[in-house]
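Once you've looked at the hints, dock chains U, V and L against the given chain Y.
Protein chains in written order, with the numbering used here: chain Y, 1 to 353; chain U, 1 to 362; chain V, 1 to 477; chain L, 1 to 314.
Check each hint, because a few of them may be wrong.
[Claimed, not checked] In silico lysine-lysine, DSBU-like type, Cα no more than 35 Å apart, as pairs:
| hint | chain 1 | residue 1 | chain 2 | residue 2 |
| --- | --- | --- | --- | --- |
| 1 | U | K255 | Y | K247 |
| 2 | V | K452 | V | K257 |
| 3 | Y | K215 | V | K200 |
| 4 | V | K379 | V | K278 |
| 5 | Y | K215 | L | K218 |
| 6 | V | K278 | V | K217 |
| 7 | Y | K165 | U | K12 |
The hints are simulated quantities; they were obtained by calculation from the structure and are not laboratory data.
It should be emphasised that the depicted structure is a prediction, and the values quoted were computed from it without experimental measurement.
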Amino acid sequence: MSAVVIDRPAPQLFEVAPDNWKLAILAGLVVSILAALALPASVSFWIVGAMAALVAAAFVVNAYRRGYYGGLLVAPAIAVLFVMNIFPLLWSLGLSFFAYQSNQQSIRFVGLANYVKALTNDLAAPANWHALINTAMFVVFTVAAQMIVGFLLALLFSKQFPLRKYLLILVLTPMMLSVVASGVFFTYYYDPTFGILSYVMNQFSNEQFILMDNKVGAVAGIVFADAWMWSPFVMLLVLAGLVSVPKYLYEAAAIDRVSGWRQFWNITFPYIRGLLMLALLFRTIEAFKLADLVILLTKGGNDTLTISYHLIRIANEQNKTSEGAAISYLMLFMVIVLTNLYLYIANRRSQGA
Amino acid sequence: MSTIEIRKITKKFGEFVAVRDADLKVEAGEVVCLLGPSGCGKTTTLRMIAGLERATSGDVIIAGQRMNELAPDKRDIAMVFQFYALYPALTVGENIAMPLHYEGLSAAEQQARVKKVADILHLGDVLDRLPGRISEGEKQRVAVARAIVRDPNCFLFDEPLSRLDVELRHSMRGQIKGVLSNLSKATVIVTHDQLEALTMADRIAIMRDGLIEQVGSPHDVFAKPANLFVGSFIGTPQMNLISANFKSYNNGKAKVTFDKQDVDIGVNHAVAKLKPGQITVGIRPRAFSVVGKDTKDTIEAVSELIEPMGAETLIHARTKTGNDIRVVVPRDKRVKIGETLHLVPDPAQTHIFGEDGKAVRA
Amino acid sequence: MTVMMKVKTLATAAGFAAALMVGGAKVASAEDVTLTMAVPDWPPTRIMKKFFDEQYKPASGNTVKLDVDFIPWPDFYTRVNASLTSGEQKYNFIVSDSQWLGAFVEGGYFRKINDLLDADPAFMATFKSIHPNPLNAYSTYPHKSENYYGFPQFPDVLVNYGRADVLCNEEEQKNFQAKYSKKLPCTGEELDAMTWDDFKNVGEFFRRKKGEMLAGKPADDDFYGIAFQAGKGYDFSSMQINGFIWQMGGDTWDETKVPNGQAEGVVNSPEAVKALEKYLSLIEYMPPVARTGTMDIFKSDELFREGKVAMNVDWIGLGEASLDPKTSKVSDKLVFGQMPGTLGPDGKMIRWSNIGGQPFVLTTWTTDSQIKEAVEFVKWWLSPDIQHQFAAGGGQSAIKSVYEDPKYVTYRPWNRAWAPQLDWQKDVWHVPQFFELLTQQQDQFDLAITGKQDAKTTLDNIAKFQQNLLTEAGLIQ
Amino acid sequence: MSQSSSFLERIGFFKSGNVGESGWGRTLGVGLISLFYFLPVLFIIFTSLKPQDMALSVPPTLSPTSLFGLIPDHYVFTPTLENFSSVFSRSMTSGGAPEPTGFDRYFFNSIVIASTSVFLALIIGTLAAYGFSRYPLKGNDTYLFIILTTRMLPAIVVIIPVILMFRVVGLSGSYIGIILLYTAFNLAFTIWMMKSFFDELSTDVEDAARIDGSSETKVFLKICLPQVIAGLAATFVFGLILTWNEFLFALLLTGPDTRTVPVAMNQAVSSGGRGTDWTLLASIETLFLIPVFLVTFFLQDHLLRGVTFGTVKR
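Chain Y with its partners taken away, still in its complex shape (with noise of 0.2 Å):
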């Protein structure tokens, strides 16, 4: 596949030569990691810098010589998540591991502390665990819904109709909303003397009608804002494997005279299952990360406290870092754990196909 191959012995571990790219991540990963331990931040970041530098040098020396366009074309996004996203990752990592808070100036490392404090101690673990569950909750009532409502969405728009590019905007444009704005204006919907909702139903019956005053309803409430926002994106992605289907195989499926539940399984099914996956794996994340709305909604009230908003609180309201970003690393945990079960099944299915 690759054009010129250039063939060239790979350097010895522990050659010096400007493309042993492992001796330098080797020697990248020490240094930060001292640097981390023993320097102040502000010196250890440039420190780190350096390091990432050098190992990005050394990956490109080693693609460029070798003729691995893979390397060279990874090389520039690499190193834009390296320094905006991965550094700051590892460096609230390392915090994890010391007693830090970000409004005093001490800092001293407790090794696991923060872990065991976030999973044993009587006060925290409860809190985080209840979070966690929460979360959970969230994570399944919301990705349902947005798959579910999604791929409707998505299938009432496979076919070419008159003005469906009209239509199909209206759809799109709630996941185009800031979250704030559609956040307070759900505030809004919900609210029980102004909101249209309780006015409507409050048509039906002569009782109030108070959507957030339980916790079925709090729930309710922000799932419905989430889905009702995010549902787009999943239908986009969707929508998109479904116009990929050549048309002449839905023909073919006619004349074969195929069952509408064959043909969606058979044919339909295999051009949208690697983007279904893709928006599957996505609107977890996110929805592991909801925060906003519930602050928006509830304050967290009528139990709806996610870890994301706990942790925010912990974080950011309350400045305990170091506790934060243990919590934040066992969520992290419970993602890859997650997703990767994702990966695993839909590879597994793939293979078996």
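Okay, now just chains U, V and L, sitting in the frame of chain Y:
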């Protein structure tokens, strides 16, 4: 009875008329080829028969029933698509089995049917593979297998061989013809390849610009082209078409003028009815005999390019006034470039087309 | 060497970084002083900036620029907190809620101003002319100590907003008298005299369904008697409940008694439980949104302005909108009084309430030349003339000579409640643990307000949590 | 045989004559559903047109027109454009004169920051996706997964080091800083999305071009890219929408000069010391919606064109 009939069928896409008043009847066991250049409406006609397009007017009658409004799945037809339309996520075996689910067969019966057609089409080895991993020829056979695995009212083929290389095409023509002859169903094959049509069809319908120009047996359309278009479209090398001025008819010979020379050409007696005027003389390249000297019956042309075609040789020659003439002569007839040829057309294979382009025939 | 100083050193060392600077603080020359200020975006700060631009003439002759970063209220803390804790050192002045003092002073961000006061008698005099309650709340850390930090930007107290048209309606007056054998409060003075029991009566009395008669007309929508803050967000129930507890003889954890003040037994004392029960008993007379735990100061104000309630206890800071006919359906029907109180055993009214409003403070990295100008600016800001203008433009003043001026009550209808209320203001929790204390307490109060937990359990939980946390922090021994 | 077309077919919701196409009946059905789905947005847009004192009226006002008496009067409001002008200029103190709010600047900032960073991410990310797809590295999946993990943590956790880093290198409050950050923020999605599109492409055509002597650059630009236009369009739209509305980074990393609309929008959530100014918020959101709306609308054709036949592997 497995028959197909279309009556006065018309398809419009907005202003554009793709098919106009097409009539065609295909009897059970008969293979009809829709032949024509691309864009002539032949595929649209086929799709209307299949129900993939709805006729703007006219009737589609399959097995004696009018089916205009019926969806494809209610017409009980089998079709082979130009791009095969194999289901990419299913194995070859599953692809072939797809039409059978409708019939509610047991798994074992299904297997048996699939195996049977797979054997006929030599697909036994690839049944477990995905369509993406088999050769083009195999894909084509799978498409055919999927069509013949059931017992439909009729068969429709849309350019079935267009994606194959010459050799495969040749062998597949034979195979399909063999398979079809055993099924005795009405079959319509759409093709732009006249060789395909001539070899596979019982009858050929030649289309141009949405009109069926002529329907006839392969022999008829070749030997008795109904008009200029059919004449020029059928036969390789292409028929020589020479505009001429018809003067008179006398005793099996027409006196015509072209190239500012008067020539007596042997023609059929129907020409007698013709009034003097502008005509087109169509002479197949193989219909010339090369004679030694200039006579009143001969057309003179100077050979310019010689293309040996194996058993025969194709000569491109030019008359004095610059008309190109293609002549096919047997291999052993040696002709040099620059040589003047004296050509006598065979009256039986000389066609006179009137001013309206229609053949003048008895 | 503190982290902060190391950061500072490094920032200086990294000279090339300056070349990349696009935004950020501008370098001040001797004649050119820029004071950068982080403020919430609302009228009191806008007015301050306007007055500065229009009127401020620095005595030093320097060109002084006030560079104000107006940050929308909902994100103000997040923005300021991130700026401070990241060591951005962007702002010289920061508007801060009084309770943030502890955390930010301990963090080394807020500058103690005792030296500046001592060095400048005029400054000290101005400073001491502030009413002691707001002064303690806005400026001291530890609370009520002699360590000063901030100056009032917008001082604020809770007052009672009333609907004169409904309250003074003859029919309603008559019916109320008949039902409770008491006069329905109608004037400001009558509002002042209200206890929470009277308030409750008003709540009960004015619960009207759509179509029922209200002040002689059928109500066009459901109508409610009372509203006050009972929301889960920020401090939108604690600020009200604290008042109830103090008035009824209970107490919150008192930081001025460190290290001997306890939480257990104090926070959940029988008096406090009774006070919370009283508070909770009023919820049912409020518009239904209270039951969702989102009845914050803005929601109750909105309901009041839209004409859905007869009385609302809220901050003065939200008052301007109710006077403006564009934003208020009741702008011409208003009466204001002090927040209801509780009658003590001696028959005297007890009116304790939690102070609102915000001070603004200096940050530690402000340079000497900036400080010089900053002090001049603060003196100018707290000068009676400017404070009068501020009050006339919708602000409040905690400067004695200003609010005692007879003119003062004419500026705004609620100002008549201002001076008497100032004497009853207390504040809580000038400690670094403020947010932890607040979040947990708000969570617990929310459970009580939305009916999931009784007052006793609620206060027990709060007391237990506070006892643990504060013991761990060394504030309780 | 009788005509067995169902009711839905007759009204054109399904159209048997033409696989994959339907008629006006479907337009009607889908139109109703779409409109229902769009209602909350429509309400926001209508709110932006309401006089300030009608924003919270009960019963809610629902329409700027009575539709020839179809809608009862108490649901109808008189539309005004006043709110839109107050987005850009209004009184910031009680009774004060209108003054500029800076929203023109915020809109400009949003457009510059979002478009630049999404383009950057699209370029860098597409290159990387092509690399991951066509020249898989050892442990390709691991790299991809690590890239994905950058999206998994709540922003609040990583924000402090980012602020610190920005301050140290002087990017705080600058365009470059927030643009780079957003670029990284969009990369994960871009790479995953584009990789899945490249994976679906058949390599036959590419290989043929290579055999014909096309350079790798040419293969990428002339053969591959045109086939994934739909993917590019979709990625662009998603990236734009996410970036356009991003709030937390913008709040903490932009200065007064580079502030974006989502941050400034909270001016209306807590307006002038009271709660939400509904009409103002709705006006800001409505104006803010227009650019992404238009971009999405014009990219829709590409979004829906799908992968053309013959290019799908498997």
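Taking the hints in turn, this is what the structure says about them:
no.	hint	verdict
1	K255/U to K247/Y	violated (57 Å)
2	K452/V to K257/V	holds (33 Å)
3	K215/Y to K200/V	holds (28 Å)
4	K379/V to K278/V	violated (43 Å)
5	K215/Y to K218/L	violated (58 Å)
6	K278/V to K217/V	holds (32 Å)
7	K165/Y to K12/U	holds (25 Å)
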